[in-house]
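There are 4 protein chains.
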Amino acid sequence: MKKTRLEAFSDGVLAIVITLLILDVKLPAVDYDHLYGSLLKILPGIGIYVLSFLLIGMYWVFHHFAFMLIREVDGVLLWLNILFLLGISFLPFPTSLLGKYPFHTMPVVIYCINLLLVNLIGFITMIYLRRNPQLASEMLTSELHSSQMRLYTGVNLLYVLAIILAFFVPKVSCVLLAMMTVFLIIRSVVFMGIGKCNARWSGQRTAPKESTDFN
Amino acid sequence: MKKTRLEAFSDGVLAIVITLLILDVKLPAVDYDHLYGSLLKILPGIGIYVLSFLLIGMYWVFHHFAFMLIREVDGVLLWLNILFLLGISFLPFPTSLLGKYPFHTMPVVIYCINLLLVNLIGFITMIYLRRNPQLASEMLTSELHSSQMRLYTGVNLLYVLAIILAFFVPKVSCVLLAMMTVFLIIRSVVFMGIGKCNARWSGQRTAPKESTDFN
Amino acid sequence: MKKTRLEAFSDGVLAIVITLLILDVKLPAVDYDHLYGSLLKILPGIGIYVLSFLLIGMYWVFHHFAFMLIREVDGVLLWLNILFLLGISFLPFPTSLLGKYPFHTMPVVIYCINLLLVNLIGFITMIYLRRNPQLASEMLTSELHSSQMRLYTGVNLLYVLAIILAFFVPKVSCVLLAMMTVFLIIRSVVFMGIGKCNARWSGQRTAPKESTDFN
Amino acid sequence: MKKTRLEAFSDGVLAIVITLLILDVKLPAVDYDHLYGSLLKILPGIGIYVLSFLLIGMYWVFHHFAFMLIREVDGVLLWLNILFLLGISFLPFPTSLLGKYPFHTMPVVIYCINLLLVNLIGFITMIYLRRNPQLASEMLTSELHSSQMRLYTGVNLLYVLAIILAFFVPKVSCVLLAMMTVFLIIRSVVFMGIGKCNARWSGQRTAPKESTDFN
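Residue numbers (my numbering), protein chains in the order written: chain A, 1 to 215; chain B, 1 to 215; chain C, 1 to 215; chain D, 1 to 215.
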């Protein structure tokens with residue numbers, strides 16, 4: 001399996017999921033006089049839409065980064081990746097559920113479990129990569145591996161916390177997810193560097209290809 | 001973040017949004033005898049569909065051009081781009097709204113606000129690029145930057161005008177949007193050149209790649 | 001505008017349209033006992049689905065071939081291409097209409113007009129390319145141009161014939177479209193060659209790129 | 001027809017189909033009090049969703065592998081590939097049917113016939129490639145061809161068996177399909193190698209390209 005083709009296929013799936021989300025932001029058929037009230041009612045659904053969009057955008061950035069740590073794709077990494085795509089592709093369902101029953105326990109729990117499973121696959125991928133260093137690129141240092149493990153563990157604990165909170169104060173779970181998303185986005189901005197030509201991340205991927213040209 | 005991968009992902013999202021629009025051009029279930037009347041009723045919706053299609057097509061051309069001005073993507077440009085995609089991906093909702101309640105104030109206002117936000121992100125991107133010239137390609141001259149700023153400002157003012165007009169004569173807002181779209185398409189055709197091998201724009205992007213081959 | 005990026009965007013749109021078609025093959029909610037009768041009723045809709053799928057597949061092959069005749073994309077070719085994509089993206093609507101009212105005059109007429117417009121854009125593109133030989137690749141010989149013009153004219157006449165027939169015997173129009181599609185598929189198979197390594201078409205596109213490597 | 005462009009188009013279609021599947025996992029509009037019962041009712045539909053997702057993922061892997069065996073695409077291979085995409089693109093319909101009427105004879109039969117047709121096209125492609133060795137890559141040895149034929153025949157026999165069983169015990173058919181899918185996934189993991197840098201499969205495709213660089 002060529003790494004680039006798996007990457008392109010994953011990009012395709014992620015681009016489609018992130019765009020399909022809007023199909024569930026629907027207005028019930030009402031007279032124009034009741035349009036304003038109807039729009040107010042779907043506002044929470046629009047909020048959930050934005051949250052899911054940013055989360056999938058973030059997982060796309062994560063996925064991109066994870067693939068920079070992979071040198072070669074074996075059968076296990078291939079199917080872990082397809083399971084990851086299954087998890088992301090499923091997200092429109094709990095998103096739609098949460099939009100219909102905003103701030104209720106069950107939809108919040110299902111939403112969080114979905115995110116938890118997606119994140120677990122990332123977690124397992126990192127462990128597998130660490131145990132099979134021949135599949136990892138030289139970018140996956142011990143230090144980076146540890147920081148990644150801490151990140152995945154922290155995010156998973158947050159999802160678990162959101163699930164527990166959902167049984168008592170589902171609204172707080174939603175706020176927690178939103179805050180985590182904003183935090184992770186800011187973290188990824190800082191990580192990539194602001195206003196810097198970040199040769200460290202952007203150049204790494206073309207390096208092997210260019211080196212074959214120079215040989 | 002490799003610039004080309006972000007570009008491919010954005011292309012994917014734009015291609016999907018532009019194609020999904022048709023899913024909202026739906027006919028209510030009627031007898032064949034009432035089909036003609038029913039088709040007449042959704043004609044404004046089809047007009048809005050064509051408008052949104054051309055607008056997204058135009059933003060795709062803009063996006064392509066903007067990426068020629070970018071040399072490297074940092075964390076801020078990455079997330080500005082994802083927010084741009086969020087704005088474009090949301091467009092099917094106000095398009096559907098405007099199709100259902102054609103020439104009414106509220107849908108026109110929401111449609112224009114959506115376009116305004118998309119355009120604002122382009123505006124901010126240009127300012128950010130100007131302040132971080134190390135991220136810009138050599139194509140982004142002072143002159144080009146000024147002309148881009150004028151373009152984004154002009155389009156934004158038009159959107160604001162359309163919003164104000166929507167409270168009095170929503171039909172005129174729609175006509176204004178349609179005229180602006182046609183004008184911007186003609187402008188982009190003239191800008192790219194008619195019947196000319198426009199080495200200036202088309203060759204620029206492959207240049208760096210080819211140069212590594214020649215080294 | 002890089003030719004390859006416009007090609008990739010077009011491929012994306014065509015791939016999405018061809019796949020979205022299935023969303024309109026829907027079964028009304030019935031008991032399992034009435035499932036068989038319900039399935040029989042949507043059989044014409046499935047037939048129309050297959051027809052549209054093959055037609056879009058064929059236009060994808062046509063598009064691919066047309067881009068081999070283009071050397072550089074100017075503003076006019078860019079927007080002709082976007083209009084072509086608009087025409088193809090609209091096809092799910094008449095397909096759905098024809099599936100709901102199979103073998104009725106109005107849906108057949110709308111379906112054919114849509115195809116006619118798509119084909120007209122191909123026709124105009126060929127004329128424009130001929131008048132601007134600097135934009136055409138060396139593959140576009142006088143001979144090939146003439147054969148292309150004959151093909152586009154023939155197909156357009158067939159669409160016009162199908163529209164006229166639709167007012168009297170709409171079923172015959174559908175049969176005509178189906179026969180034309182099968183004929184054009186067989187023609188494209190023969191044109192590309194059966195069992196031959198057809199260096200003439202498949203090699204042409206990589207040639208310029210490879211030549212820069214060898215220089 | 002450039003092999004890579006057909007491959008990219010096929011990837012696009014497969015990525016879209018696999019992602020669209022979720023659109024049919026829909027909840028009927030119920031009060032929050034009845035949400036739990038409603039969710040239980042669509043559980044079989046979710047199971048079928050996962051099955052179809054994994055099956056399409058598997059056919060994507062198969063498709064990728066098949067294209068490594070192809071050296072050049074002629075008219076026949078092109079249209080066999082488009083027919084393959086037609087078969088895969090149709091799958092959301094029987095998936096939706098099976099989700100609505102889980103474990104009933106007719107939906108199971110239609111689902112299996114769809115898979116059978118998809119698989120038959122793969123079978124025919126293999127035979128065609130064998131008879132036209134000039135189109136095959138050097139990877140398609142007699143041995144590999146035989147093992148592929150055995151695989152396609154075995155899968156087809158399983159689909160036929162599932163169809164027959166569907167008339168008596170449709171549930172068993174579903175279990176059979178699920179077991180086959182799991183088995184084929186495990187087989188593909190083992191085939192690609194676990195934890196091995198499998199130069200045999202992953203390197204093969206870039207080889208010709210790299211060799212031109214070295215010349």
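Be careful, since some hints might not be right.
[What the hints assert, rightly or not] Below 25 Å or equal to it, Euclidean Cα-Cα: the simulated DMTMM-like pairs (lysine to aspartate or glutamate) are: (1) C/2 - A/7; (2) D/26 - C/24; (3) D/3 - C/31; (4) D/100 - C/24; (5) B/26 - A/7; (6) D/2 - A/7; (7) A/3 - B/24; (8) C/41 - B/72; (9) B/41 - A/31; (10) B/41 - A/7; (11) D/26 - D/138; (12) D/26 - C/31; (13) A/26 - B/24; (14) B/196 - C/31; (15) C/26 - B/72.
[Said to hold, decoys possible] Cβ-Cβ distance ranges computed for the label pairs, FRET-style: (16) C/141 - B/150: 42 to 48 Å; (17) C/141 - D/139: 32 to 38 Å; (18) A/113 - D/186: 54 to 60 Å; (19) A/183 - D/186: 54 to 60 Å; (20) D/65 - C/182: 28 to 34 Å.
Rather than coming from a laboratory, the hints here were simulated on the basis of the structure.
Where a beta carbon is used, it is the ideal one built from N, C-alpha and C, also for glycine.
Evaluation of the provided hints:
For the suggested pair residue 2 of chain C and residue 7 of chain A, the alpha carbons sit about 23 Å apart, so the restraint of at most 25 Å is met. For a cut-off of 25 Å, the pair hint linking residue 26 of chain D to residue 24 of chain C stands: about 16 Å separates their Cα positions. The hinted pair formed by residue 3 of chain D and residue 31 of chain C fails the criterion: a straight-line CA distance of about 46 Å is larger than 25 Å. Using a Cα cut-off of 25 Å, the hinted pair residue 100 of chain D and residue 24 of chain C holds, with the two alpha carbons roughly 16 Å apart.
For a cut-off of 25 Å, the pair hint linking residue 26 of chain B to residue 7 of chain A is broken: about 35 Å separates their Cα positions. Taking the CA atoms of residue 2 of chain D and residue 7 of chain A, the gap is about 21 Å. The hint holds against a cut of 25 Å. With a C-alpha separation of about 37 Å, the suggested pair residue 3 of chain A and residue 24 of chain B falls outside the 25 Å cut-off, and the hint is violated. Restraint check for residue 41 of chain C and residue 72 of chain B: the C-alpha separation of about 56 Å exceeds 25 Å, so the hint is violated.
With a C-alpha separation of about 16 Å, the suggested pairing of residue 41 of chain B with residue 31 of chain A holds against the 25 Å cut-off. Pair hint residue 41 of chain B plus residue 7 of chain A does not hold up; C-alpha atoms about 45 Å apart against a cutoff of 25 Å. A distance of roughly 47 Å separates the Cα atoms of residue 26 of chain D and residue 138 of chain D; the hinted pair therefore is violated under the 25 Å criterion. This hinted pair checks out: residue 26 of chain D and residue 31 of chain C have alpha carbons roughly 18 Å apart, not beyond 25 Å.
For the given pair, residue 26 of chain A sits about 10 Å from residue 24 of chain B by alpha-carbon distance, which is consistent with the 25 Å threshold. With a C-alpha separation of about 63 Å, the suggested pair residue 196 of chain B and residue 31 of chain C falls outside the 25 Å cut-off, and the hint is violated. For the given pair, residue 26 of chain C sits about 46 Å from residue 72 of chain B by alpha-carbon distance, which is inconsistent with the 25 Å threshold. Residue 141 of chain C and residue 150 of chain B have their C-beta atoms about 45 Å apart, which keeps the hinted 42 to 48 Å range intact.
The supplied range of 32 to 38 Å is met by residue 141 of chain C and residue 139 of chain D, whose beta-carbon atoms lie about 37 Å from each other. At about 26 Å, the CB distance of residue 113 of chain A to residue 186 of chain D disagrees with the hint of 54 to 60 Å. The supplied range of 54 to 60 Å is broken by residue 183 of chain A and residue 186 of chain D, whose beta-carbon atoms lie about 39 Å from each other. Our hint of 28 to 34 Å for residue 65 of chain D and residue 182 of chain C holds, since their Cβ atoms are close to 30 Å apart.
Of the hints listed earlier, those the structure fails to meet are numbers 3, 5, 7, 8, 10, 11, 14, 15, 18, 19, in rising order.
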